[in-house]
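Residue numbers (the working numbering), protein chains in the order written: chain Z, 1 to 509; chain V, 1001 to 1450.
Each statement offered as a hint is correct.
The calculated label-pair distances, taken between Cβ atoms and stated as ranges, are: (1) V:Ser1262 to Z:Thr427: 23 to 33 angstroms; (2) Z:Arg494 to V:Asn1048: 37 to 47 angstroms; (3) V:Arg1439 to Z:Leu490: 38 to 48 angstroms; (4) V:Leu1090 to Z:Asp428: 58 to 68 angstroms; (5) Z:Gly36 to V:Lys1400: 28 to 38 angstroms; (6) V:Ser1238 to Z:Gly181: 48 to 58 angstroms.
Simulated from the structure, these hints should not be mistaken for laboratory data.
For every residue, glycine included, the Cβ atom is placed at its ideal position computed from N, Cα and C.
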Amino acid sequence: MKNILGLAFLCLFSIAISAQQKALNEITSFKIKNSGPLMDKNNDVDGYYFYYQVDKLKKGKREYAIKMLDNNLNDIATKSYIDDKNTVLANSKFNNQQLMFAMVNVKERQYKLVSFDRQGNQGKDIVIPVNKKELKWLSYMVKSGSFNLLLPVDNKGFLFNYVRDNKKIGYGLKYIPTDGGTAWDFNSPDEIKEIMSINPIEVNEEVVVAIETSKKSLMSQTLKFKVLVIDIKTGKLLFEKEYDRENNPRLITNAFLTDDKELVLLGEYFEKGDNVIKAKSEGIFAEVTTLDGKTISDSKVSWENEIDKMMPADSDGKKKRGYVYFHDIIRTQTGSYYCVGERFRKTASGMGIAAAALGGGGSVTQLTITDAVIFEFDSSFKLKDITNYKKGKSRAPSLTDFGSPQLNAHALKSYGAFDYEFTQIDTDRDRFYATFIDYERLKGEKNKLAFKSIMYNEGTLSEDKIYLQRSKGKISYRVLPAKLGHVMLLEYNRKEKTLDIHLEKLNIE
Amino acid sequence: MKSKYFLLLLFLVVFQFTKAQTVVNEYVPEDLDEIERYLKRINSNYTNRISGPFSSKVKKVFKDRDEKVLKSIKDSSYVFIPEIKAHLDLILSNIYTANPEIDTSDFSFLINNSMLPNAACYGDGMFQINLGLFTTLESDDELAFVICHEIAHKYLDHSLKNVSNVIATINSKETKKKVRKIKRQKYGQTRAALSVIDDLSIDILDHSKEVEAEADSLGFVFFSKTKYYKSKAMSSLSKLKAVDDMVLHHNVNIDSVFNFESYPFKKYWLKETVSLFDSDEKINEFKLSSDTLKTHPEIEFRINKLREDFSIKDEMVTGSRTEINEIKKVANPQSIKSAIDLKLLDLAIYQLIEKYQSHKISSDYYCSTMAKVLKSIYEAKKRHQLGKYVPPKNNFSDEKQLNTIRLFLHNLELNETKKIGLAFCEFHKDDMENYETMRTTHEFFKSINQ
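Only chain V is shown next, with the shape it has when bound in the complex (with noise of 0.2 angstroms):
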C-alpha cells in the first residue's frame, strides 16, 4: 500500500507540474533551470571527487539521488515561497557567519512540501528542510539546530561513507561467496537469501546510531557558536521526540466537527468492520530481524548523550527568537494547501481541523478551505476516486487520528456528503457573507441537494 500510495502521489504530482507549466506558482521557481543547473554542477563537483574501491558505483548512487531531486522538483515536491526562503536564509547566514570553517560554496536548501517535521543531507551539498519543521517548532533556535545538525552530516561526510560502506559490504568477498552457495543450494534458497539480505541490513542500520549521535554532537558544537539559545537544542529535539511517537497527535474529535443541528453526526460513520485477525500487529512469519531496528536512533538516547557530553543544563530561556511565528503564518497555510493540491484529503481535514482548534489559522481561511474540501471529497466520491486520494483506515498505524478521519471520510455515502457539505455551509453562512469562495461551494452544495 506504501508504494501504491507513493506511485499515487507521483501521478498527481506530476499533474500538478503539466498543469503548472503555463503559471509559475509556488511549487515551480521562475529560476528553475537556473537551480537545476546549480544542483547538477554541486553534484558533478562532489562526484568528481570520490575515488576508492567502488567508486563509480558510488558516484552513479550520487548521481541517481540528483535526478530524483530535480524530478522531484519538477514533480512540485518542493516550495519556493519567498518569505520562507528568505526565513531560512537569514538562519543559514547567522550559522555560516559564526562557523566560518565550514564550507559552504557548494550548498543548496531547499523546502519540501511535506508537513512531516523532518530535514535531510543528501552528501553533495543539496539539504532538504520540510515545511513540516516550520510549522511545528516554536523558534528560529529549534529551527537552526536541526540545520546545524544536517550541516554537521554533510561536514562529516557521513552520506559518501555510508554509501561506500554499503556498496563495498554488499560487494565483499564474503557476500559474493554467501550468493554463490545459496545459488548452489537445491532447497531453502529463499530463506537462506533472506537471511543474507537480514543480515547485511543489519549491520548498515547498526551505524546509525553512532552516526546521528556524532551528527548531533558536531551540529551542537556548531549551534553554540551562534546566537541562538543553546538550551532548544534539547526542546528541539524533544519536540520530535513527540511527533516520534506519533505524528498528528491532536484530538480532532470529528464527530462535533461535523455535528449539525440541522444534520446530526452519525454513529455508523465511525462503524468500524470485524478484522481477520484480532491481533495489534502485523502478524508476518517471513520478517526479518532488521525490520524491526528503526532506520534512526531513538531520540531519548540522543537527548542523554548531548545533555551528557554536553553538561548542558535547561536554561530558563524567556526570550526565544519567536521570528518563525511569522513564517508560520505562511507556512500553516501553504502545508494545507500542498496536502489539498496533492488531494491528501484526509490530511487536508486534519490540518485544517487541528491549525483552527490551536489558532494557528484564522476562522475564515478554515471555514472556506474546508468547505472547499467537502467539495472535493464529494467529487471524488461522485467519481469514485476517493480511495486513490484517502488511504483506508490501517488498524496497525499508529496515527490514530488520521485513521479516524480516513475511517469516516470512507464510511460517508455520497447523499451524506453532500448533506455534510450543505450543513457546514449553513452552518458558517452569516460569518462568511462576504467571502466569494465560501459563497460559490454553499451554491454548489444548494443546487446538488435540491
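Chain Z with its partners taken away, still in its complex shape (with noise of 0.2 angstroms):
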C-alpha cells in the first residue's frame, strides 16, 4: 500500500518475476512435505507450520524451509533448516517461551527436537537415538490418535513422548525446560516384561499427570491403567494410582488440576472384573485427589439409576440410550463438569449382509451414529441434564461382528468414524466449543455437510453452524481448528481453481 506515483514500476516487477521463464519458476518452488496447526492441551492454536524442502545438498543433507504463520495467518517467519534428506517433521508445539519441532530421521534413526526461541534463533538440537521397532511402534501410537507426542508446559519446557526398546516396548518422557530449569527423564523399568507406554494428559506448574498404559502382549486386550503424577521440576513421581480390572477397573478420559492443588480425574467406571476397552461402563466418575494421592471425593453417576431417567429422546424419537461414545470431558471455572458425547447403536448392515450372501467377507453389522449428546453435572458430579443435539446418521462398518460394540467405537474412533472433531477450551472466558462435521440430510434440498459447534458461554449451551458446501458445488469448504472460539475456513473454487483461507469467529448467540 505504499508505492507512490506510478504502479508503472509494479507492473515491470511483476513481469519481471513472471518472465524469469519456467526454468526459474520451477526451480525456486519449494515442494511442501507437511503442514499443521500448533496446537496446546485446550486445543488452542497458536500457529500453523508449513515444511517444505528447498534444495539437495551434498553429502545425503537437504535444506529445508520451516514456514510459520502466527494464529491470524500471517506469515512471520521462514527459517532455514539443514538435516537428512529422511527428517520428516513429526509435531509442533509452542509454549509462550520458545517453539520447539519434533523431527524423526528414518535412516539415520533418531528423533531430534529443534526449537527457536521468540526471536526466531535456533537453539542447541536434542538428539535421541532410536531403533527400528521403537520407530515403528511410536508411528502406531502416533496414528492410534491419543497420544502427545509432544505437550508444551507453558512458560516452563516441553514433554517429549516417545517409545524405548526396553527389551518388551517401554516408554520414555522427556522433560526439556525453557526457563532455566533442570531437564530430566521418566523412563519405562528396564527389562519390563509388558508393553508399556504414557501418555501425558495434564500439566501445570507444578505437575504432570500421566496415564501409564501396560498389556501383556500385543494381541492382548486386557489393558491396565495407571494415573502417574509427576513433579515438574524434579521429574520424581509423585504417586501413583492403578485402576486394575478386578479391583477398580475405569476407562480414563480427562484430568485437570485446580487452583486449589487438587487433582479431578474423569472417565467411565466399571463393573469389578470387567475390560474397560470391551464392556458397557456402569457409569461416569469424577474423582478428587490431592497431589500426594490421597482421595478427597469418588462421584459415580450410573447409566441405570440416573442417566436413563434424564436420558432424552434421540432425533428419531427413540428413547433407548443405547451407547454413548465419551470424546471429551469439560470442567468449567465454576466447577459443573461437560461431558461431550455421541450416541450410537450396533445394527446390521444391509450390503454387509448381501455382501456375505455373496459369498464375501467383512461384517455384517455396523455402528449407527446419531445424535451428539452433552452432559452436565454440577461441581459435586450431580447430573443436571443432558442435552441431544440433532445430528446426522454416521455409519461405520464393525470392524468385528464378535467384538462389544464398545470395543469396535474404540477401534472405529481411531479411523475418524465419529463425527467429532476437537473441543476447545477457554479458560479466561471459561468457555468451551465442541465441534462435529454432520452431514444433514435435507428435505427438498440437496444434502449438506456442516460444520457444528456447540458451545458453553456464561452457564448455556448454544449451536453455531457453518455449511461446508455450497449446493451448487462450485465452491468446497474445509474447516481447519484455529486460535480460540475461531475456525479455519478453506474455500476452494473448482472452476476458477482459488483457494480463499479466512478465519471466523464461532457465534454465540
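Mind assembling these two chains? They're in different frames, but the hints should get you there.
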C-alpha cells in the first residue's frame, strides 16, 4: 500500500518475476512436505507451520524451509533448516517461550528436537537415538490418535513422549526446560515384561499427570491403567494409582489440575472384572485427589439409576439410550462438568449382509452414529441435565461382528468414524467449543455437510453452524482448527482454481 | 495473504459488475463499449510502432496490460463520475494548452476507485489517477504536478524502455547461460536460482531512482509552463511523502467512537493474542536483497533533487487553486462508498471516522453510513464471512490505525456487534429522525436485539 506515483514499476516488477521463464520458477518452487497447526492442550491454535524441501545438498543433506504463520494467518517467519534427506517433521508446539519441532529421521534412526526462541534464533538440538522397532511403534501410537508426542508446558518447557525398546516395548518421557529449570527423564523400567506406554494428559507449573498403559502382549485386549503424577521440577514420581480390572476398572478420559492443587480425574467406571475396552460401562465418575494421592471425593453417576431417567429421546424419537461414546469431559471455572459424546447403536449392515450372502467377507453389523449429547454435572458431580443435539446418521462397518459395540467404537474412533472433531477450552472466558462435522439430510434440497459447534458460555449452551458445501458445488470448503473460538475456513473454487483462506469467529448468540 | 486479498477483491468486483449489468452506475459508464474500443485502439497504435529486439515479447506485455485494464473496468475498479471527470479534464486542458509540444492524441485518463493517493502511466497513452489523490491533495496545483509527472513518463517513453530492458535482461545470453548452469547443478539449485532472480531484480529496480527523478524534472518543466503555482510541486511530493510513511495516519480512537453510555467500550475488544515470535519484522532466511529495495525511490531524495535542479524556493502562496475542494465533496463520499461496495469494511470505518472528524463529510452522512456499515459487519459475521472482507491484524504492518480497526472488528462477537449497532443508532437517533436509511437500520438493530 505504499507505492507512490506510478504503478508502472509494479507492473514491471511482476513481469520480471513471471518472465523468469518456467525454468527459474520451477527451480525456485519449494516442495511442501507437510503442514499443521500448533495446538496446545486446550486445542487453542498458536500458529501454523509448513515444512518445505528447498534444495538437495551434498552427502545426503537437504535444505528445508520451515514457514510459520501466526494464529491470524500472517506469515511471520521462514527459517532455513539443514538436515538429512530422510528427516520428517512430526509435530510442533509453542509454550510462550520457545517453539519446538519434533523431527524424526528414519534412516539415521533418531529423534531430533529443534527449538527456536522468541527472536527466531535456533537453539541447541536434542538428539535421541532410536531403533527400527521403536520407530515402528511410535508411528503406530501416533496414528492411534490419543498420543501426545510433544506437550508444551506453558512458560516452563516441553514434554517429549517417545517409545523405548526395554526388551519389551516401553516408554520415555523427556522434559526439556525453557525457563532455566532442570531437564529430566522419566522412563519405563529396563527389561520390562509388559508392553508399556505413557500419555501425558494434563500439566501445570507443578506437576504432570500421565496415564500409563500396560498389556502383556501385542494381541492382548486386557489393559492395565495407572495414573502417574510427576513433579515437573524434578521428574520424581509423586504418586501413582492403579485402576486394575479385578478391583477398580476405569477408563480415564480427562484430568484437571485445579487452583486448589487438587487433581480431578474423569471418565467411565466399570463393574469389577470387566474389561474397560470391551464392556459397557456402569456410569461416569469424577474422582478428586490431592497431589500426593489422597482421595478427597469419588462421585459416580450410573447409567441405570441416574442417566437413563434423564436421557432425552434421540432425534428419531427413540427413548432408548443405546450407547454413548464420550470424546471429552470439560471442567468449567465454576466447577461444573460437561461430557461431550455421541450416541451410537449396533445395527445390521444391509451391504454387509448382501456381501456375506454372495460369499464375501466383511462384517454384517455396523455402528450407526446418531446425535451428539452433552451431559451437565454440577460441582459435586450430580447430573443436572442431558441435552440432545440432532445430527445426521453416520454408519461405520464393525471391525468385527463378535466384539462388543464399545470395542468397535474405540477402534473406529482412531479411523475417524465419529463426527466429533475437537473441543477447545477457553479458560480465560470460561467457555468451551465442542465441534462436529455433520452430513445434513435435508428435505427438498441437496444434502449438505455442516461444521457444527456446541458452545458453553455463561452457564448456557448454544449452537452454531457453518455449511461446508455450496448447494451448486462450485466451491468446496474445509474447516481446520484455529485460535480459541475461531475456525479456519478454506474455500476452494474448482472452476476458477482459487483458494481463499480466512478465519471466522464462532457465533455465540 | 496479499494474493488472497486480491482474489477476494477480484471476486467482489466481479460480483459487483454482474449486479451492475442491468443498472448503469458510477462503476459502469454508459459508453463502456466506446471506452473499450478507444483503449484498444490506442494500445494497438502504440504496439504497432514497437520494433527492435524481442519486440513480439514487448508487444505482448503491453497487450496483456491493456487486457487487464479492460477487465478492471468491467470489474468496477474504475469510477465514472461526471463531476470528477470534468474537473480532471479541466486540469488536463490547462496542461495541454501550456505544453503544445506534447502529442496528446492517444491519451486517456481513467479514475481508479482506490483510496490510495497514487497515479500510473501505462505507456500506451492510458493513465490512471486514483480517487485517493482527489481526497488527499489540497489544491489543483498539487494534482496538476502529479499529472505532469505521469505525462513526463509517457513523453520519455519510460514504460517501453523499462519493459524492453527487463525482457532483454531476462532473455540475454548471460541470463540463459546462468539458468543452464543452474540446471546442470546437482546441489543447491534453488538457492542459485534465487540468487539469479535477486540479481535481475536489483538490476531492474536500480534504474527506478533515475527514471523517477527524470520524470520529476520534465514533469516540473511541463508544470512550470502552466498557470499553477510552482512551489506546489514540492508540497505535492511532501504530502505523498507523509502518506508514504503511513497511508492511514489519522488517529481514529476507536475506543471513544464506539463507547456509549448504554453500551460502554470493552477493553478486551482490543486484546491481542501472543505471537510465536517477538520480532518487529518478518523473519525470512530466504529473503532476497532486492526485497528490501523500494519500487520507488525515497520521495525525500526526489524533493531535494527537484529543489536543487530548478532552484525552487518556497513561495508564500496565499491563494492556491482550491477548486478541488468542491470535487472533494463528491470524491470523499465516493471513496467511502467504493470501500463499502467492495465490502472493505475496515477501510470504510477508517474513512468514515477520519473524514467525519476532519469535517470532510457531514454528520448525517457519517451517522447513516456508519450504521449501515455496522449492519454489514453484523451480517458478515452471521454468515461467517467477515474474514473474507477484513484481513486480520498484522503485527508487521505500518498501518497501525487500520490494524486497530481490524483487531476490534475481529474481536467483536456477533451479539456484541448487534448491541453496538443498536447503541450507535440510539445515540444518534434524535439528530437522524428524518433520515429513512438511518430509521431502517435502527429498526433492524432493534428487531435483532429483542
